[in-house]
Amino acid sequence: MRVGIEIGGTFTDLVAAGPNGLTITKVPSVPARPDEGVFDALDRAGIACEAMVELAHGSTVATNAVLERKGARLAFLVTAGFGDVLTIQRLERRRIFDLLYRKPVPLVARKDAFEIPERTLFDGSIAEPLDTGRIRASLEAFLAAGDYGSVAICLLNSFANPDHERRLAELIRDVDPSLDVTCSYDISREYREYERATTTTMAAYVQPVIAAYLARMESVLASRGFAGNLSIMQSNGARMPAAAMRRNAVTALLSGPAAGVTGAVRQAGLSGIRNLVTLDIGGTSADVCLVVDGKPQLSQEAKIDGLPIRTPMVDIATVGAGGGSLVWADDGGMMRVGPQSAGANPGPACYGRGGTQPTLTDAHVLCGRLRPEARLAGSMQLDVEASRRVFAPIAERFGLEPAAAADSAVQIAIANVVAAIRQVSTERGRDTRDFTLVPFGGAGPLHAAAVAEALHIATVLVPPNAGVISAYGLLVSDHSLFESLTRPIPLDEAAPDRVRDTLGGLRTELAKRIEELGVPGDRLFEMSLDMRFKGQAFEITVPLAEADVPELTRERLLALFAREHEAIYSHGGGVGRNAVEIVSYRVGLHVPQLDRLSMSSSGAETSAEGSCEVFDRGERLDARLLWRGSLRAGQSVQGPAVIEDTTATIWIPKGWRGEIDGHQNLIMRAAA
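Numbering (UniProt numbering), first residue to last: 1 to 672.
You may find that some hints are simply not true.
[Claimed, not checked] Here are the computed lysine-lysine pairs in the DSSO-like style, where the Cα-Cα straight-line distance is at most 30 Å:
no.	residue 1	residue 2
1	LYS295	LYS103
2	LYS303	LYS70
3	LYS103	LYS70
4	LYS295	LYS512
5	LYS111	LYS70
In short, the hints are calculated from the structure, not lab data.
Hey, can you work out the whole structure from these sequences and the hints?
The structure is reproduced here in structure tokens:
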């Protein structure tokens with residue numbers, strides 16, 4: 001069997017593909033011991049570890065280590081004079097009108113920074129050689145006094161010449177072999193010292209956490225007879241063998257949300273839909289992503305707990321609109337939803353685990369979209385009275401009956417999701433009317449139609465078993481590696497040859513690494529350049545097709561740059577009149593997953609069909625009640641209707657119609 005297991009904030013999801021088809025399982029997550037959720041899911045599904053040939057895994061372990069500050073204590077080695085780089089940060093304020101604003105707290109205290117007398121210049125030449133004999137005694141004393149678990153090395157301009165970092169790492173391993181050592185050259189070979197430093201320290205911070213987590217998992221798997229391949233999802237929407245993750249754990253920071261996007265892209269692609277907006281609403285948050293021509297948009301930089309991290313990530317916007325998001329009133333008397341969440345423990349009040357505050361899940365229970373008889377995740381019966389009890393105070397405050405207050409909370413959550421989608425679409429020059437909305441996660445299909453209406457999206461595609469699409473995404477994701485390198489050059493007649501040489505070197509390096517990891521299959525490369533007008537502070541990414549590279553010319557590079565500049569800024573910027581330069585080079589290597597595995601609906605019926613009452617947008621409606629597993633290709637459903645399965649509930653509002661296509665996707669459209 002091939003198994004994908006994704007650990008979310010509230011539930012741990014499992015999708016397994018074997019000789020008898022798909023196996024689907026959801027179990028509650030164990031936040032304090034997330035690896036226990038993996039084995040709980042395997043046990044619930046009745047899957048023996050010796051039967052697995054492959055286990056693909058995604059989790060929030062790395063993210064939580066940063067957010068909760070539970071990583072290793074770091075020593076930070078920098079070039080003399082740069083010990084304050086993490087403290088000074090950038091001249092920016094995330095909340096410009098907040099008088100009490102404080103910069104994000106670095107992962108390394110200032111006293112844990114050790115300055116190294118050395119200097120590499122921007123072109124890689126050495127201005128001040130590194131004398132390891134001179135610093136050995138003082139460095140040994142510094143490391144011994146700090147009780148450090150990991151060391152991050154980020155020397156000035158080491159992206160241009162890593163020699164000093166390499167020698168320094170050798171010295172540390174000689175002084176104390178027990179320390180994990182992370183060099184910036186192995187993590188981020190790009191310029192901008194602060195961003196490279198934060199990425200390196202974050203990698204060093206989570207490395208021991210991920211290594212320990214994987215060691216625990218592998219130990220238990222081995223004891224249970226597992227002899228297959230273990231791979232881990234990366235933030236870029238692809239996975240890699242666990243051995244690669246031990247060397248660069250920072251790539252796993254957003255693995256869960258990225259897996260969901262991958263699963264949605266693959267399942268929607270079966271129906272011929274390649275331009276989509278994904279909407280993943282789980283127990284903790286709502287994550288949205290724009291996908292153009294079947295490719296999720298990637299960002300080269302993101303922020304975790306306010307700290308920038310430079311690594312390719314699926315460009316996901318997140319808002320606090322998950323099922324566990326708390327409903328509350330602010331000091332101005334306005335109803336709010338999130339970002340605080342009840343999480344997995346205690347969870348929403350309706351879970352019956354001690355939750356005492358109203359959540360979005362409780363709101364859907366009161367509105368009738370989630371019924372107690374449906375048994376959430378296949379086994380959890382919901383407590384309507386508990387939801388009514390926790391909503392009573394906020395309903396009284398706003399002078400509403402509980403169902404009306406709950407409906408208001410749902411509408412606020414929908415508005416939050418719409419704002420997040422506009423952030424990744426409209427604000428970046430994309431018209432949402434050209435896209436299909438693909439909701440998933442346990443709560444995504446509950447909100448999808450209203451979100452689509454607000455964005456003037458005509459079509460909604462709900463995958464089968466939408467609540468476990470992230471785990472499905474693990475199974476169908478490619479294996480991928482990415483590498484980048486800063487080497488600024490002017491765009492002159494010699495530039496095409498420099499571009500070919502540099503990209504060729506990166507391709508060779510990636511091919512060697514994938515070979516060492518033992519990943520079989522065809523190798524596909526994608527390439528791009530970071531380019532800008534000379535004198536600008538920031539670059540734009542210019543994709544290069546494989547066919548472009550052999551016959552690349554200066555004129556072709558200018559044309560490609562002008563095209564991207566036009567798409568982003570609606571003007572060419574004076575290409576041809578102003579000097580252009582190439583700053584950085586990017587290469588991705590992909591080993592495609594050729595198995596066209598498709599998701600399917602749950603066949604066993606666990607819910608009686610009939611009717612139910614739903615409170616929606618101020619109106620009480622008699623809605624049809626259907627079990628998704630009983631719907632067949634070509635069958636249509638007129639709203640209002642509630643469609644249930646074991647992993648998610650779908651709400652088709654009045655005025656909308658849904659139809660099952662040949663791939664078991666539910667296609668929803670507003671009635672003409």
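If you check each hint against the structure, which ones fail? 1
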